[in-house]
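Order-wise, the sequence lines are chains U and E. Quick note: the first sequence uses my numbering, first residue 24, plus one each step. Quick note: the second sequence uses my numbering, first residue 6, plus one each step.
Quick caveat, the hints were computed from the structure, so don't treat them as lab data. You may find that some hints are simply not true.
Cross-link-like lysine-lysine pairs, in silico, DSS-like; alpha carbons within 30 Å at most [as the list claims (entries may be wrong)]:
#  : chain 1 : residue 1 : chain 2 : residue 2
1  : U       : Lys270    : E       : Lys48
2  : U       : Lys124    : U       : Lys95
3  : E       : Lys82     : U       : Lys286
4  : U       : Lys189    : E       : Lys48
5  : E       : Lys9      : U       : Lys270
6  : U       : Lys93     : U       : Lys79
7  : U       : Lys79     : U       : Lys286
8  : U       : Lys189    : E       : Lys25
9  : E       : Lys70     : E       : Lys82
10 : U       : Lys189    : U       : Lys79
11 : E       : Lys70     : U       : Lys93
12 : U       : Lys363    : U       : Lys374
13 : E       : Lys25     : E       : Lys70
14 : E       : Lys25     : U       : Lys95
15 : U       : Lys189    : E       : Lys9
16 : E       : Lys25     : U       : Lys286
17 : U       : Lys93     : E       : Lys48
18 : U       : Lys270    : E       : Lys25
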Amino acid sequence: MRILIVDDDKNIVEVLTKLLLQQNYVVDTAEDGEIGWELAEGWQYDLILLDVMLPKLDGISFCRRLRERKNKALVMLLTARDSTTDKLIGLDSGADDYVVKPFNILEFSARIRALIRRGSTSALPVVTCGDLHLDTNMHEVAYQGKPLKCSRKEYLLLELFLRNQKRVYSCQEIIAHLWEFDAEPPNDSTVRSHIKNIRRELKTVGADGFLETVYGQGYRINPLFISATNNQIVVQKVQSSGKQVGKQEILDLSVREIWQQTKGLSLERLSVMEQFLETIKLGIFDENLYQQAIHNAHKLAGSLGMFGFDSGSTLARRIEILLQVESQFLLKSQPADSRKFVKQLGLLVLKLSQVLAEPIQVSNNVLVPATDTPPLVSDPNVISAKILLVDQDLEVQTTIKTLLETLGLQMVCLQEQEHFWGMLRSSNPDFLIIDISIPINNGLALCRSVRQNPDWNWLPVLFLTANDDFSTRQQVFSMGGDDYVTKPIVVEEISTRILNRIKRIESIRTKIEISYTKDEFIS
Amino acid sequence: MKGKRILVIDDDEDIREVAKLSLEIIAGLDVILARSSYEGLQKALSEQPDAILLDVMLPDMDGVKTFQELQANPVTKHIPVILLTAKVKASDQDHFASLGFLALISKPFKPAQLAQQLLASLGWNECPANLPKSPQIFYN
Chain U
24 MRILIVDDDK NIVEVLTKLL LQQNYVVDTA EDGEIGWELA EGWQYDLILL DVMLPKLDGI
84 SFCRRLRERK NKALVMLLTA RDSTTDKLIG LDSGADDYVV KPFNILEFSA RIRALIRRGS
144 TSALPVVTCG DLHLDTNMHE VAYQGKPLKC SRKEYLLLEL FLRNQKRVYS CQEIIAHLWE
204 FDAEPPNDST VRSHIKNIRR ELKTVGADGF LETVYGQGYR INPLFISATN NQIVVQKVQS
264 SGKQVGKQEI LDLSVREIWQ QTKGLSLERL SVMEQFLETI KLGIFDENLY QQAIHNAHKL
324 AGSLGMFGFD SGSTLARRIE ILLQVESQFL LKSQPADSRK FVKQLGLLVL KLSQVLAEPI
384 QVSNNVLVPA TDTPPLVSDP NVISAKILLV DQDLEVQTTI KTLLETLGLQ MVCLQEQEHF
444 WGMLRSSNPD FLIIDISIPI NNGLALCRSV RQNPDWNWLP VLFLTANDDF STRQQVFSMG
504 GDDYVTKPIV VEEISTRILN RIKRIESIRT KIEISYTKDE FIS
Chain E
6 MKGKRILVID DDEDIREVAK LSLEIIAGLD VILARSSYEG LQKALSEQPD AILLDVMLPD
66 MDGVKTFQEL QANPVTKHIP VILLTAKVKA SDQDHFASLG FLALISKPFK PAQLAQQLLA
126 SLGWNECPAN LPKSPQIFYN
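Based on the provided sequences and hints, a complete structural model is requested.
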C-alpha cells in the first residue's frame, strides 16, 4: 500500500510519515500542491492525505483535478477548519473522508485502515491465497498455520503479490511499488535477493514454488497455488447483494464506470463551448475557437446519449446547428441579432452544463435494448441500495428513514438488536447504520459481532453517536466501524456521507462483477 | 459469437470503450481497438478482423476515405464495414449503398443496441442467407 502525504506543515508530515512507515505503508511526501500533483501523476497511490490549505494548489482543487483525470486513489482531506460546509465541499470534491486537525494519532491510523479497507475489496485485513494467509493487523504471514520469518520489505513484497494474485511484476515494478520516492532506488539484484529469501522461507514451511519466475517478465504467484475458493468467496459476496447479474446489468454498471472515467473528456468539450461563448460576448470572433466549438458540440451530441444523457445529446446537437447555421452571419452583419444569438447559445450551454453536473443521471437509460425491456434504473435520481438502521429512538429513526427514502434508498428499521440477525439475513442490506447506545449490548458490540461473521464482515457500518469525544471515536474504529455521525443529525452531512459511501460500494461491486462474470458471458 | 473478431476504429475514448463493452458483453465478440484511421488500417491488415466498425469523423483521414483504402487492398477488401456516424439522413442511404458499406449505425447509440444492430447487420444473429442486400440504417 503506497500513501502520499501532501502538507506544508513539516511537523505533521514528519509525525505521519513515521506512523505510517511503522505500519508498513510505503510513504511519499510533498510540501505543496504542485509537487504533490507531480507525484500523484507519476505514481500509483492507494491513498493520498491532502491538506486543504496548501500552497500553490489547494487540496479541494487538487482532489477535483484528480477525479477529473480519472485518478482513483482514495483521498483523505486534512482540514483545520470544522464547519459542516467545509466538510461538504471536501466530500463533494471527490474526497473519500476527512479528518479535522489537530487529530489524535490513534484515531487517525484507525481511520486510515477503515478507509483503505472500504476503498478496495482487496484491502481486507487478512489476505489469503490458498493456504497462505497474510494478516495486515498483526503483520504476520503464515502457510498452513506455520509462520514465515521475513523482513519489512519481504512482507510488503508478499502483500503486493497476494493483493494482485494474477499479476506478473518485474523488478522495476516492484521497486516502484515498494520503495519510497526519495529513497536511494535499489537495483534489480536487491529485489532478486529479497525474492530469494522469501522463496527460501516459503520452502521451509512447505510452499516451495509459490513464487514463480515468468521468463523475461518478472515474478508472479504460481497459478497452482491460487485456490479456486478465493474466487468463490467474491462471487458469493456479489450474489449475496441479492441482485441478478445479467449481461445487461453488467453492461449497465460497466458503462457507468466508463462515464466516471471519461467524464473529464465531456467536461473539457463543454469548456471549449463556454470559452467560445465568453469570447463572442466580448465581441471577438475567433475562427479557430469557433471550429473547435462546433467539433466539440458534434462529439458531445454523438456520445452523451450513450451514457443516458439523452437531453445532453439533444442540447449539444442544437448548439452544433446554431453555431453552424447562424453565428458567422449574425456576428458579422447584424449586431442586434448577435445579442440574441449570444443569449440563445448561452442558455443552451448553461442547460448542457446543468445536465452534465448531475452525476446520478448517468444510470438513466444506459440500457434501452431494442426489445423494449424496461431500463434497469428507471429513475435517474435513484441509487439502488438497501440500508438497515438500528436505533431505539423512534424520532431519529423517522428522520433518517424519511430523508434517505427521499433519496431513493430502501430502509429497513429496527429498534433493538433482538431480531437483528434474522432481519439482516431476510433484508440483505448494502449498508448498516447503528446507534451506539442501543439497549442490551451496545452498538459497538453488535458491530464487532458483524465483523466477526464471515458472511457479513464486508458490510459498511456507520455509527450514530451523541458523543464526539476521543474515546468514543477510538472505540468506533477499533470495533470495525467505517464512519460515525454525531447527533443531532445534520441532514446534508449524513446524506452526503452515506451516498458517497454507497457510490463507492457500487463502483467496487461493478469491478468485481466484471472481473468474475465477464469470462462466463463472453465464452 | 464466440471467436469472431471485430475492429472498432474511433478517436473518442468514451465511445471506443462503450462499444468495446457492448460488443464483448452483449455480443460475445473479441474486440480490437484503433484510435485513428492509420492505426485502423494497420490493424485491419495485421489482425484480419471479421468485421470493422468505423467512425466517420476521424482526425487523420475520414471514414469514407478509410473505407476506400480498405477496399483498395486485396487483403482487407472482403471485410464487411459498418459505418458509425452522428449524421444520418434518409437521403444518405443510396449514397452509402453506392459506396459499399454494409450498414450504418447512428450516434449516440444505446450501449446494448449497438451490439444488437451490429449482429443484425452482419447476419450473425440469424441464418447467414438472410443477410440483407442493401445497407441497413439504424437510427438511434
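Now for the hints, and whether the structure bears them out:
Restraint check: the Cα-Cα separation between lysine 270/U and lysine 48/E comes to about 28 Å, which is no more than 30 Å; the hinted pair holds. A distance of roughly 25 Å separates the Cα atoms of lysine 124/U and lysine 95/U; the hinted pair therefore holds under the 30 Å criterion. Simply put, lysine 82/E and lysine 286/U have alpha-carbon atoms about 37 Å apart, too far for the 30 Å limit, and the pair is violated. Proximity of lysine 189/U to lysine 48/E is assessed by CA-CA distance (about 28 Å); at most 30 Å being required, the pair is judged to hold.
Distance check on the hinted pair: lysine 9/E and lysine 270/U sit about 18 Å apart at the alpha-carbon level, within 30 Å; holds. Restraint check: the Cα-Cα separation between lysine 93/U and lysine 79/U comes to about 22 Å, which is no more than 30 Å; the hinted pair holds. Among the hinted pairs, lysine 79/U with lysine 286/U is consistent with the structure: their alpha-carbon atoms are about 25 Å apart, no more than 30 Å. Taking the CA atoms of lysine 189/U and lysine 25/E, the gap is about 23 Å. The hint holds against a cut of 30 Å.
Taking the CA atoms of lysine 70/E and lysine 82/E, the gap is about 14 Å. The hint holds against a cut of 30 Å. Proximity of lysine 189/U to lysine 79/U is assessed by CA-CA distance (about 40 Å); at most 30 Å being required, the pair is judged violated. Of the pairs offered as hints, the one joining lysine 70/E and lysine 93/U is violated, with about 34 Å between alpha carbons and a cut-off of 30 Å exceeded. Restraint check for lysine 363/U and lysine 374/U: the C-alpha separation of about 17 Å stays at or below 30 Å, so the hint holds.
Distance restraint check for lysine 25/E and lysine 70/E: the Cα-Cα separation of roughly 23 Å lies within the 30 Å cut-off, and the hinted pair is therefore satisfied. Distance check on the hinted pair: lysine 25/E and lysine 95/U sit about 22 Å apart at the alpha-carbon level, within 30 Å; holds. A threshold of 30 Å between alpha carbons decides the hint, and for lysine 189/U with lysine 9/E the separation of about 26 Å falls inside it, so the pair holds. Distance hint between lysine 25/E and lysine 286/U is fulfilled; the C-alpha atoms sit about 17 Å from each other, no more than 30 Å.
This hinted pair checks out: lysine 93/U and lysine 48/E have alpha carbons roughly 28 Å apart, not beyond 30 Å. Distance hint between lysine 270/U and lysine 25/E is fulfilled; the C-alpha atoms sit about 14 Å from each other, no more than 30 Å.
Checked against the numbered hints given earlier, this structure breaks hints 3, 10, 11; the rest are met.
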